[in-house]
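A.B. asks: Letter by letter, the chains look like this.
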Amino acid sequence: MAEADRPGEDEAQPARCPCASALRALADRLGDWFPFGKAPAIILVLTALAAAWLAAHPVEKTQADLRFWTFADTHYFAYLKALPSFEAKHPGKRVDIQFVHWTAVTSRLRAAFWTDLDVPDMVEVEISQAGSFFRGPAEEVGFVDLRPRLEAEGLLDRMVKTRFAPYTYHDRRTGEDHLYGLPHDVHPVMLAYRRDLFEAEGVDVASLETWDDFVRLGRRLTIPDKRYMLDFADTGGGGFEVALYQRDGGLFDAAGECTMDSPVALETLLWYVPLVAGPDRIADDPGWGQSWVKAIEDGYLLTWTCPDWRSKSAEQQIPRMAGKMALMPLPAVRPGGRRTSSWGGTMLGITRKSRHPDLAWALAKHFYLNPDELAERFRETNILPALKDAWKHAAINEPRPYWSGQPIGTLYARLAEDVPAQYTSPYIDFAKSKMSEIVAACSSYYDKHGADGFEAFARERLKAGADEVRNVMRRNPF
Amino acid sequence: MLRQRLFRWQHRYAPYLFTAPFVITFLVFALYPMAKSLVLAFYVTVGPKSSVFVGLENFRFLLSDPSFYVAVKNTAVFALFSVFLQLPLSLGLATLLNAKFLRLRNAWRFGFFSPYLLGQVFVAVLFSVIFAPRLGLLNQVLSSMALVPSNKDWLGEAERVMPALVMTALWMYVGFNMIYFLAALQAVDKDLYDAAAVDGADAIRRFRHVTLPSIKPVAVFVVVLSTIGSFQLFELPYLMLQNTSGPEQAGLTVVMYLYQKGFEAGDLGYASVVGWTLALGVLVLSLVQMLLAGTWRKEK
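These protein sequence lines map, in sequence, to chains A and B.
Each number in this note's numbering comes from the position in the first sequence (counting from 1) with 1 added on.
Each number in this note's numbering comes from the position in the second sequence (counting from 1) with 84 added on.
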């Protein structure tokens, strides 16, 4: 049957859209001009159109005068609140505060510094990462040296001195010290404890003056696999560094030399490992997040190391413990010794590429050196500022119901001046990971062999780790 | 006239235009970085801006670097488990799922393949939770049977890190490799089985003398692919160990080490040396595997 003779075919076909017909006709014409067929021609045209559209709509550049990265959500929200008063003092100036994940702050910023890409005007960097920015020739470090500004305004004495150490870079070629960060905090360490459980056990925390007292009590209260006295980890990390700094030890000294195998480090290791390994251990690491929350709620942990920032984490994440928790100073290593240590920290740096360094400095002072703003922020973060003037503010001295009515700001402030220095190096990351390996290896040894040969093993591991760090440092030709 | 000229122009230049995207991408993102990394291998750098020529110092340092040897050892152990544990399991599963008696075959196949669809990041996060001390699923199950204490830290103890990584990779990749074997099994000539059965061969002999020789090309391909993939291991340990090498560097792999040196420490020169050593090592290993498998042997 001829096609034209098919009955009712015209009626069966749907009405054609004029646009579709026009497009089809265009595609047919295009196919005539393009020898590889209709489909490749359409792909080519679409690609060209997409490229043209993208070229015509470039990503808009921010209109802000200052761009500021922070990695902590508590800081971010606090700065957003404090920003309007700054913008009111500087009419016509706009600040763009961006919340960036802390690993991204480090990796993206480092890559941007290395490759001369766009960087923000101001950045908050976590203490353990700060040193890694100070590698290479001092003139190529991406941050501005803040020392001249701090000295000119007499600020060095108004802040806790030891807190400048982690952000100071000792240039071995010139012997000069460069200060690249304004300290955000002090982070004194106390011990948080389950007050209700301690009272039930008849424990008087005032009697826990030294670690010896504490460990003795720990041996009595610890029930293996059910209840532990403390949250130190057998892989090192925060707990070990807290103990090391309390003894005035560290991974590096003020001149940037590796001190991982110093007598203090050995003494700390020999003291620490039997607490986290072997049959008489009194500590267990509950991890972070939900696992940590449950360990405290269940009474699995009786005490935990608590720098000021962690006290806010507890309030937010473990609300059920309100009124059952309290804080005490760290037990001293020896009678009359230091009752605190340091854990964590943040610096604020101004980048060399900032087009408005003076405005950035003004904002830095507004966020970090304004006692009223700082005191208000303490209510939201529990973070004791490095500026000593702010400690007298009423907000710092308020009793906190969560902490059994203790004025925690005052408790932290009493210890703040005694916080030890943490010296840094561009190799701080590497040294920290080596030290964690050493603690883990020693814990494993102690689990298997106990005290037999332990001191020699620990000394040898410290030496090997320190030598490895020094070998890597020696490769630095800058 | 114009149309004819246009057609001539297109015929002359179209091949270049069509291959241009690949060629440009390859030149910019593969060939140039490779050449650059070869040059960088002779420099100590802090990022690309500051560099000092050091000749063969990076190669000398590599030979005396204990962390590099640890990374190679860990990666090799992982690769051995991949080849000698994962692939036999994949083949076993494929054989099972190829059996005629099995019901819901497609559902089983999808079930075993689906972990691969999740991606390494998700799987790493999932298994970090499973291996967590106290609240982790594994500890909950094992401690309820009194096999281990509930606070066993699988990713915090040196001797348990590698088994944890192997178990995670096993869960993720067994189904993926199974698909290759399944395709190969389905392509085996059924007449060969019939002939073998007529000759009195039992199931084991049929598998050994018919199935294995028939799937050998695919098996060699999977072994080489799996070895190369194992030596590129990065995301799983990086995420499960939270950007650390794990206790006593038990989770440090060669690519992780390269990343740490190049992108965290900024020592791009040394990272280049690590990268080239890895590439040459994998190349040699793959050639040896193919040689042993008789890939280039002429058929008689």
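If you are wondering where the hints come from, they were derived from the structure by calculation, not from laboratory data.
Treat the hints with care, as some may be off.
What the hints assert, rightly or not - Straight-line Cα separation of at most 20 Å, SDA-like style, residue types lysine to any residue; simulated pairs:
hint	chain 1	residue 1	chain 2	residue 2
1	A	Lys227	A	Lys162
2	A	Lys90	A	Asp359
3	A	Lys295	B	Gln224
4	B	Lys133	A	Lys325
5	A	Lys295	A	Glu316
6	A	Lys433	B	Gln224
7	A	Lys162	A	Lys366
8	B	Lys236	A	Gln291
9	A	Lys295	B	Arg92
10	B	Lys184	B	Ala281
11	A	Lys433	B	Lys300
12	A	Lys39	B	Ala98
13	B	Lys236	A	Asp299
14	A	Lys366	A	Ala83
15	A	Lys325	A	Thr306
16	A	Lys295	B	Lys236
17	A	Lys39	B	Tyr277
18	A	Lys449	B	Val232
19	A	Lys313	A	Ala73
20	B	Lys236	A	Pro92
21	A	Lys393	A	Glu418
22	A	Lys366	A	His91
23	B	Lys300	B	Tyr277
24	A	Lys295	B	Asp237
25	B	Lys236	A	Asp226
26	A	Lys227	B	Ala98
A.B. asks: If you check each hint against the structure, which ones fail?
C.D. replies: As far as the earlier hints go, 1, 4, 6, 9, 11, 17, 20, 26 are violated by this structure, in ascending order.
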